[in-house]
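With the hints as extra help, turn the sequences into a complete structure.
Protein chains: 2
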Amino acid sequence: MFNIDKFLHKDTLPGSQKWNGFPIFNFIGGHNDEELVPLKDLEKAAKKVILENGKILGKYNYTGPLGYLPLRKFITKKLKKGAKMDCSEEEILIVSGSLQALDLVNETLLRNGDTVIIEEACYGGVFTRLSRLNINIEGIPVEEDGININKLRDKLTSLKNQSIIPRYIYTIPTIQNPTGTVMSLEKRIDLINLSKEFNIPIFEDDCYADLIWGEERPPSIRSLDHSGRVIYCGTFSKSIAPGFRLGYLVADWKILSRILPYKTDAGTGGLEQLVLAEYCETYFFKHLKTLNKQLEIKSKIMCEALDKFFGNSVEYKKPVGGIYIWVSFPKKVDTKILFDKSLEVGVAINPGVEWSIEEENNKKIRLCFANPTKKEIEDGIKSLAEICQKQFGIPLNIANVN
Amino acid sequence: MFNIDKFLHKDTLPGSQKWNGFPIFNFIGGHNDEELVPLKDLEKAAKKVILENGKILGKYNYTGPLGYLPLRKFITKKLKKGAKMDCSEEEILIVSGSLQALDLVNETLLRNGDTVIIEEACYGGVFTRLSRLNINIEGIPVEEDGININKLRDKLTSLKNQSIIPRYIYTIPTIQNPTGTVMSLEKRIDLINLSKEFNIPIFEDDCYADLIWGEERPPSIRSLDHSGRVIYCGTFSKSIAPGFRLGYLVADWKILSRILPYKTDAGTGGLEQLVLAEYCETYFFKHLKTLNKQLEIKSKIMCEALDKFFGNSVEYKKPVGGIYIWVSFPKKVDTKILFDKSLEVGVAINPGVEWSIEEENNKKIRLCFANPTKKEIEDGIKSLAEICQKQFGIPLNIANVN
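These protein sequence lines are chains A and B, in that order. Counting from 53, one number per residue, gives the positions in the first sequence under the numbering used here. Counting from 53, one number per residue, gives the positions in the second sequence under the numbering used here.
Read the hints as simulated data drawn from the structure, not as lab findings. Treat the hints with caution; some may be incorrect.
With a straight-line Cα cutoff of 30 Å, these simulated DSS-like cross-link-like pairs (lysine-lysine) come out [unchecked claim]:
| id | chain 1 | residue 1 | chain 2 | residue 2 |
| --- | --- | --- | --- | --- |
| 1 | B | K99 | A | K338 |
| 2 | B | K341 | A | K107 |
| 3 | A | K99 | B | K92 |
| 4 | A | K388 | B | K306 |
| 5 | A | K306 | A | K370 |
| 6 | A | K212 | B | K427 |
| 7 | B | K107 | A | K345 |
| 8 | B | K203 | A | K58 |
| 9 | B | K427 | A | K107 |
| 10 | B | K130 | A | K99 |
| 11 | B | K426 | A | K107 |
| 12 | B | K338 | A | K70 |
Note that the structure is predicted; figures quoted are calculated from it, not measured.
So, in structure tokens, the structure goes:
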């Protein structure tokens, strides 16, 4: 028999394990509430668009390599309304999920040994991607009102003194993942000014920005910049459903035209673009309201469960949007061990070590609340508290248990 | 203003030009006949599956990272019937078009400076991909009954003598792209034996195999191998529509588990998988019959146009399947110039130089016949003949013109 293991190069990634289904209490991943996928309206949209316009699926990229034109047109409207951004459909590239946006930007801008600046903590997939590309990651702490501008300035200065040009500053300014913070307008402007001063681009990931309910959504960084240095991405995974692999990259054509040659997949899913374009035109903003109302309720259930079972032994900020809470434990809790132990009883969490390179964040975890039911949240957080108590003596008492 | 061109690394790909629509006479690309996209049945399938099962779109990869289980189950049936292959749904990875299959296999197996063996001529996208990865390409000529086995043996021996291990032999055995040839059963067995002797994997690309009408479809190479060395890929782009970005990789789990970690796109389009699974279960084989009947008619229209306008000044083999004809011109015709000149009047062709590294193939072109209408085929081939005559004096006379 052929032995692939002996045949492969030494640096090939380790093999996958067989998939055993989702954990019972699934507090990880960007899954949404399945009950909130707008099936009836999606079906209506699908019917109309397949019968009236479906034959265009017979061609690759019917309305050009940037993606389905009616969807791009809707996105310009959506960005105007939500992100306060003016852009033309020629500045939008439809991608197969915002992860493809990350990959395309990285392929265009980064080479082995390059340096990038990110917020810290930050979306876990960013670390795995940048590590694979052998990129030097410089993390800047995130405060209540967004990235620490002074530390960013210090870092940029120090890099400049070493003749290192960071290839971009990556930021999730609105509902930062995982901290849930929203960057203030002032800091957005400061960030643009700094990036001008050091002449580097900003990569603005606005994937969760549609899911804001607790405060007013600030203008996107790209809408505030007039120097053409902001590359922006967004997604429909969070606002409609992650099963739709649809996101978008927005940049001035001078930048987009350099990114586009790296999209060699012969286009993003045509049926999904057709259906979503049709759906969004009529239903998007109405659906977003419903969705955010429900997500706010779910977030409260999660907060109440944390308060009930952990008392004041953990700290977190009440979400103003999004689908996750960034929870901080006392120092003695090693969340990597907590992750291992809780997974044994079917509770899945993101330990800080996967979302950060700063030791400081090892005592934190990310908990996602959109997908599990009320009962799953309550039972799962209770289980987590029990395991944490057994392992680390924290919390000291568990409400309604001890 | 920010100047991206100055900021980029020197080896960044050149920028894209703005898209100006499809050429009038479009004889390139894997587009299908738009009139043959089965809209009504797709709509019925979409309705049923969205209403009954659509909520699973709320999760990423609902039935696991290999893709939607009912679709994988259908593919096992389809492969049994068409490719004569036994495989389990655990040996199938749904991918976002077969180009992603190429990328995943390349990422897993290839590193800078590696060598691979391909058929020559071969699908153009293979050359661009391998060149970007800095791979040494060794081409083996294709005969009427498939790859030249003796030349393959010589090449493998010569590489072995240089201590070079080719990372795979890439073949499109059924309706080879662009030659349209079908590899004989005997050669399939010879190819497996050779790859065993030299202990290398085979990468079997069966993307066009469903579109065979002129002769019996031979068993796939993977169905004839018992050593677990064949990585197989297929697609629904050709049998249903290229707008569906759905293909599949088939390999023993030992191989597939090493490929899977490179699929970091959070899953292939969920809606497209749902709809296609539902559609295929009822309609796939019936649709394939209709499609192939129409494609055969289209291929005859193209052959008649070639005969009419080029007479015996060009040579080609009548297609027994697929969507393209590989046409050979007299030596004095430089098809790269023909390509440039014909594009000026809206006739798009694939010049041999894009599909081959052998100078021998410079005098050939690939013509796709599935997408253009009867009239477009006739008018376009007439235009092509006129340009070719003007430029190279070939053909000497054009029927009904001179």
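Which of the stated hints cannot be reconciled with the structure, identified by number in ascending sequence? 5, 6 and 12
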